[in-house]
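These protein sequences, in sequence, are chains A and B.
Per the working numbering: the first sequence = residues 1 to 542.
Per the working numbering: the second sequence = residues 1 to 683.
Please keep in mind that the hints were generated in silico from the structure rather than gathered at the bench.
Given the structure is predicted, the values throughout are model-derived calculations rather than measurements.
Be aware that one or more of the hints could be misleading.
[What the hints assert, rightly or not] Once the Cα atoms are required to be at most 27 Å apart in a straight line, the calculated DSS-like pairs of lysine-lysine come out as:
no.	chain 1	residue 1	chain 2	residue 2
1	A	Lys-529	B	Lys-81
2	B	Lys-342	A	Lys-198
3	B	Lys-280	B	Lys-673
4	B	Lys-673	B	Lys-605
5	B	Lys-610	B	Lys-280
6	B	Lys-30	B	Lys-217
[Unchecked claim] Derived Cβ-Cβ restraints for the label pairs, each shown as a range:
no.	chain 1	residue 1	chain 2	residue 2	range
7	A	Thr-236	B	Gly-132	45 to 51 Å
8	A	Thr-295	B	Leu-507	49 to 55 Å
9	B	Arg-170	A	Asp-249	56 to 62 Å
10	B	Glu-403	A	Ala-498	52 to 58 Å
11	A	Pro-85	B	Leu-556	45 to 51 Å
12	B	Glu-649	A	Lys-198	22 to 28 Å
13	A	Gly-494	B	Leu-556	38 to 44 Å
14	B	Ala-570	A	Leu-156	20 to 26 Å
15	A	Ser-514	B	Pro-125	31 to 37 Å
Even glycine gets a Cβ: it sits at the ideal position worked out from N, Cα and C.
The chain contents come next:
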Amino acid sequence: MTAIDPITVEVVGSSLNSVVEEMGEALVRASYSTNIKERRDCSTALFDKRGFTICQAEHIPMHLGSFIEFIPYIIESCGTDEIRPGDVFMGNDAYAGGATHLPDIVLAEPIFFERELVAWAINTAHHADFADRGHSHIFQEGIRIPPVRLYREGVLQEDLREVFLLNCQVPRERLSDINAQLAANRLGARRLNDLFAKYGREQMLAAWRALQDYSERKMRAGIAAIPDGVYRFSDTFDSNQYPASLEFDVAIGVEGDSMVLDFNAPAQVSAGLNMVYTSLLSACYYSVKSAVDPTILPNSGLARPLRIAAPKGSILNCVHPAAVDGRIAACQRVADLVHGALSQAIPDKVAAAGNGCCTGAIFNGVRSNGELWVYLETIGGGGGARPTGDGMSGIQVHLTNTSNLPVEAMEREYPLTLLRYELVDGSAGPGEFRGGMGIRRMYRVEEACRFVVEGSRLRSRPWGLAGGRHGAGSRFDLGDGPGAFSGTRDLEPGQIVAIETPGGGGYGPPADRSRAMARADLLDGRICKDEAHHIYGLEDGR
Amino acid sequence: MGWRVGVDSGGTFTDVSLYHEESGRFEDWKIPSTPEDPSRGIAMGIAESLAMVGASADDLTYFGHGTTVATNSLIELRGAKTGLITTEGFRDLLEIGRQMRPSLYDMMADKPPVLVPRRLREEVPERIRFDGTIEIPLDMRRLREAARRLAEEGVAATAICFLYGYLEPRHEAAAKETVQDVAGGFVSASYEVAPEFREFERLSATVVNAFLGPVMKLYIERLSERLRELGMRAVPHMTQSNGGVIGFETAARLPIRTILSGPSTGVVAAQEIARRAGLKDVITFDMGGTSSDVALLENLECKRSKEPVVHGYPIKTPMLDIHTVGAGGGSIATVDSGGLLKVGPRSAGAVPGPACYGQGGNEATVTDANVVLQTLNPSQLLGGRMKLRRDLASDAVARLSRELNLGLQETAQGIVSVATANMAKALRVVSVERGYDPREHALIAFGGGGPLHAARLARELDISTIIVPPAPGSLCALGLLLTDLKADFTASRIVPLNSGSLPSIELMLEGLDDQASDWFERESIGEERRVIVRTSDLRYAGQNYELQVPFPSGPLDANAISLLERNFEAAHLRRFGFESPGDPVELVTIRLEAVGTVSKADLFKANSVKCSDAPSPAGSRVVWMPEFSGRGRCPVFDRSDLRFGHVLEGPAIVEQMDTTTLVLPGMRAAVDKFLNLILDTGR
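Full structure from sequences and hints, please.
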């Protein structure tokens, strides 16, 4: 192995980071569908030739799960010798290639330097398609594609493309988005080749081995700072997609500089809520890194000190043919579990529970020219209160960080009008530092369409920490009064639907909140007089 | 004919530059700033510099002014108590923003503070639809009530932003009038500040503008008063973020336009230097104490930033695409928990400053590393006015070298390499990430630290030419004498790019031309000085990000449309690596830049006599460089000894009052007729 100095490692690390961020920018800007171009529901990364992460862009932590098994699957199924320059692999299946749900379509391109396979450019984008499907098992959820060649030595495999497009509801968008994904990988391959030419093969390979080792060292240093012990936590997972509430629990064992995360959860369910193992991995990597040391580089090295287990066939580690479309809901609860458990060991480093959802609203219908349209968005909510201050209001938490779509873009593209977009008064969990507030989004549909909402925290609540109280839960309203409903509903022109997302939990006892902050919240209408009086002890708002 | 004056008022120093139009005489003056009332320092600086050249305020024919008053008010949140009036149901949009959290993994990171507290965000029933039609007329009774409540709360400024206000401004205009009547104070409406689609960014810009309005108004009133007292009759101008100047009246109305005026003035000066040197494609590199600013000029033009954000606030206002990175001379080096060396973004600032300043700083900075390597003069700066302590620099670097298990010099060089990598990343943002190859550009290095690090940066990016202007430390003050008047106008309306849209496009153009004519009149710019540049933002129908393409100057007809389409596809191919011929293209925005050219100070006197002799070094010192595999002796030249025609072979060091230029082994530096140092990096 080539010895390499820490300076070159840092310099090469900066360059690799530029490459994945540049790939991401190219993907967002060249794409067509709102979910990618405005909401940025996509991620880019570089992997080494064996399929270990070298560098992932700071987009959506959930997406790492889609990448982890992808390259190993290709190597296993084709053999390294059969991979040629100009090949592009495409896949989305949860059980063949480990993508976490079908709409996240992954494209991977091998990178060759002097005719030798050295790395992979890989990206995934959430295609807003496969809408209005069943979720009893994965066969209902959309077309399943194992990692196969979309391009073979630079030649488009038109047969595959035709099969794929025929299975999509909005084929024109899919085609253009796939083009943007291709372009992003090409760019990554070109840039990485430039770096190889500059530093030489040996230095590059040594540099990224060192970067992976570096992440491992930082992860170990962070874990070593946590007192040894076993920390347990349990939480309830509920969803409007499933009638029963499900109890999840975790035991986190910390010993020296390594950590074991042992989950327990009910058997997989007949709903699109199950997580394949790669989903569990990405949820744990995110949760541990954010609590232990947010500055650790997101590459495969950070996984080395972690052992992650959940019973096979459970909702957290499902097996074929469980449906997985809404797996992020359960992943968000995994993040809550891990932070809840770690809060007992390192209370200064974690926040109370955030909204704990990735509330989705999906509309689909038929345009006057006969084409189908699908509009998908996910709505943020309250962030958990922190030991340093109030939680942030109206943000995406944990495994997702997608943007909203500007009203002025949405209304032009889809037959929807947004009537209200605001924070929900009284939704923040009280505390010395209160949680962030949830969001209310109220739509009027202008044409008949189908609608589904996917949400959680309907029966359970985002918990507080250190004496802080819980935040408010989700509420959905289709004009017949608020209540939970599941499945797809038909909406009439002019019908109004409203979605309220949960607020974050509070941190510390509400009685310890500063008078000034409580008064400001009352003046700002974030809390009502009653709450000001009964929970914060303000008399007549003073 | 008389004197032209430029005054750059910063946090620490106020720089005055004077230029006499007849004789070509040029003078610099530097005095400490007076932060409690900057106008005092400015007036003092002008008076002192005029006394120095024996002129009076009456002799001033031009006054160009750059100030950090808007930037600092925003960073330090010292703006006015501001209210907001917006569409019913949307008062929290200002707080929600794009619903993304500021840091993906750091749960403790916060969004920037919201500039209008929730209790001062008023909602009024009204609704405009996406096609500009009015669904719900503005409720005047509720509007007046809202304005009255804001007045009772004592707001000094009010922002008005309704959905689709850029498309149909009548509701905002009516609201503005009412608020002015009822509440008074500074009123800012979105259709005037940033008439473009995407409601959050437009709202944010309008609020920032309102927040800064009263501060800027007071500043301008005080300064105007001082200038009147001095007896100055020249019309004062202020620099703005787009690299142009505006009159005080416009600056008072649109203070948001002055937020990034400092770095843009440096780019303007660099642009002139490149023009004289006969270069077209350059990257500017301005390295100061806490950060470095980089910008790319293609054919001598710097593009506008697509989504300008300042301190976390989207400002949607024309701003040169200048990228800033926290890597400067004062950036602090640390070893993190994984054992890697990191440099910045934390900075030692001016106080305590780098360890070698001997003011109590004990953390190693980039400047300390250079002192240890002796690429910087290890005993003094500013021509001897400031003493340096090499021993303290060595102590600071030695602490890191023990942690890294590297030698002292290797560690110092490591700090420089990591800082260089950070700066290279910034250069890649403005070049490769925008589809440009840095190797096809020359690097113009200025600011206190630019010339010292340019050679290594050029090596990192394979850049073949570096230009170091004669006075790299005071380029911004120079830029003030070179800046044209500029105003930007936009018309935003999404239409398909085909002949059928010609009438709407014509209407947009007419509206823009009218606004430009009004502005030219207001600024008293004569016909012969007027220049108009039009660009358009285009995209494939279905995309949401636009590419800026020049608008054809000839008659608006089917040919112009197809030319526009071809230019767009070429731009798309260049930027994204593919095009989709046949896919429909949309026009989203037409932008008009109105320029009132000012006759520029001819500061660039070409020398006609070319020296053929070799320059003689003022001395030499031992410098540590990886190229020497350790120590080596390096000749040191005094910049003021260098004449047109002189050539230096690297390794060489060139020192001047506030800058040091490093010429690496294998590089050659030639002095051109404008006394620029031109480095050939051997690539």
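A quick look at each hint next to the structure:
1. Proposed proximity of A:Lys-529 and B:Lys-81 is supported: the alpha carbons are some 25 Å apart, at most 27 Å.
2. Straight-line distance between C-alpha atoms of B:Lys-342 and A:Lys-198 comes to about 22 Å, which keeps the hinted pair within the 27 Å bound.
3. Simply put, B:Lys-280 and B:Lys-673 have alpha-carbon atoms about 18 Å apart, close enough for the 27 Å limit, and the pair holds.
4. A hinted pair counts as satisfied when its Cα atoms are at most 27 Å apart, and B:Lys-673 with B:Lys-605 qualifies at roughly 8 Å.
5. A hinted pair counts as satisfied when its Cα atoms are at most 27 Å apart, and B:Lys-610 with B:Lys-280 qualifies at roughly 24 Å.
6. Between B:Lys-30 and B:Lys-217, the direct Cα distance comes to roughly 26 Å. Compliance with the 27 Å bound is thereby established for this hinted pair.
7. Distance hint check for A:Thr-236 and B:Gly-132: the Cβ-Cβ separation is about 48 Å, which falls inside the suggested range of 45 to 51 Å.
8. As the Cβ distance of A:Thr-295 to B:Leu-507 is approximately 52 Å, the hint placing it in 49 to 55 Å holds.
9. The supplied range of 56 to 62 Å is met by B:Arg-170 and A:Asp-249, whose beta-carbon atoms lie about 59 Å from each other.
10. In this structure the supplied range 52 to 58 Å holds for B:Glu-403 paired with A:Ala-498, their Cβ-Cβ distance being about 56 Å.
11. For A:Pro-85 and B:Leu-556, the hinted distance range of 45 to 51 Å is satisfied, since their beta carbons lie about 47 Å from each other.
12. B:Glu-649 and A:Lys-198 have their C-beta atoms about 25 Å apart, which keeps the hinted 22 to 28 Å range intact.
13. The beta-carbon spacing between A:Gly-494 and B:Leu-556, approximately 41 Å, falls within the hinted interval of 38 to 44 Å.
14. Evaluation of the 20 to 26 Å hint for B:Ala-570 and A:Leu-156 yields a pass: the beta carbon distance comes to about 24 Å.
15. Taken as a hint, the range 31 to 37 Å holds for the pair A:Ser-514 and B:Pro-125, whose Cβ atoms sit roughly 36 Å apart.
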